[in-house]
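S.K.: Given only the sequences and the hints, what does the whole structure look like? Please build it.
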Amino acid sequence: MKDILKLREKHADIINNKNITSLSTWTEKNAGDEYDSAKYLKKVDKHGHKLQKIFLEMFED
Amino acid sequence: MTPEEILEIHRNDIIEYFDDVKEVYKKTCSVIKGIFLQDEVLYHCVESLFLDIYRIRAFHGIEIIDSHKKAAFTMKWVSKLRPISIDKNYKETNYAQVRLTANDYFAVQAGIWHLNVDFDLLFDCHKDFIKNLIYTLHNRYVTGEILSSMMYLIEKLTFNETKKT
Chain A
52 MKDILKLREK HADIINNKNI TSLSTWTEKN AGDEYDSAKY LKKVDKHGHK LQKIFLEMFE
112 D
Chain B
46 MTPEEILEIH RNDIIEYFDD VKEVYKKTCS VIKGIFLQDE VLYHCVESLF LDIYRIRAFH
106 GIEIIDSHKK AAFTMKWVSK LRPISIDKNY KETNYAQVRL TANDYFAVQA GIWHLNVDFD
166 LLFDCHKDFI KNLIYTLHNR YVTGEILSSM MYLIEKLTFN ETKKT
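One line per chain: the protein sequences are A and B, in this order. Numbering-wise (the working numbering), the first sequence opens with residue 52 and increments by one. Numbering-wise (the working numbering), the second sequence opens with residue 46 and increments by one.
Bear in mind the hints are in silico, worked out from the structure with no lab data behind them. Worth double-checking, as some hints may not be accurate.
[As the list claims (entries may be wrong)] Distance condition first, Cα-Cα at most 16 Å in a straight line; then the derived EDC-like pairs of lysine to aspartate or glutamate:
#	chain 1	residue 1	chain 2	residue 2
1	A	Lys-94	B	Asp-163
2	B	Lys-78	B	Glu-137
3	A	Lys-93	B	Asp-65
[Claimed, not checked] With the C-beta cut set under 7 Å, the calculated list includes, among others, these residues of chain B facing chain A:
#	residue
4	Tyr-150
5	His-171
6	Ile-175
Built from N, CA and C at the ideal position, the CB exists for glycine as well.
M.R.: Below is the structure:
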């Protein structure tokens, strides 16, 4: 029960923006999850054609 | 906070991500003839996914958003708002199905690169997963949360397979 109350408190703080250290976490570091534009586009360059090939294969008889 | 205030906080990230996703379109969709991208709709997709992510963080008490949610919500909004249109002046009737599913393909292209997976392994060994994902985005109603769960599982699956080899 204590945990639930704590969680509720945390939710209320977040909704009221009291406890969010950064409102925009899109690029914030999180063990490799942060958005990195160069890294994202590099993956497209390296592997995008493979995904394209799979898509086109869907319509081949 | 109002949606306008939320969007204002994220403005720089939204513009950067919009430019990147547009770049993905240029790099991966130019092979499909008879389609064009509507920038305004794509921008709306990016704004919508940032709003969705903000609301999810507030509701579930999430401090930092992870890669599979970024992937999932990108796929959700691109496949929902469909920023690619078919050029009515394009006369070729062959491969119509390719054009009709272009938005769902683009949704996967825009979202999947957020994942931390071995893409060689994913595309070589799990082609059916990718095909099914495009099919599902086109034919079924899926929420961002369900897609997020799918993305999480594919990350775990390929991670475990990489460890085995």
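S.K.: Hints first: check each against the structure and report whether it holds.
M.R.: We went through each hint and held it up to the structure:
no., hint, result
1, Lys-94(A) - Asp-163(B), "holds (11 Å)"
2, Lys-78(B) - Glu-137(B), "holds (9 Å)"
3, Lys-93(A) - Asp-65(B), "holds (11 Å)"
4, Tyr-150, "holds (5 Å)"
5, His-171, "violated (10 Å)"
6, Ile-175, "holds (5 Å)"
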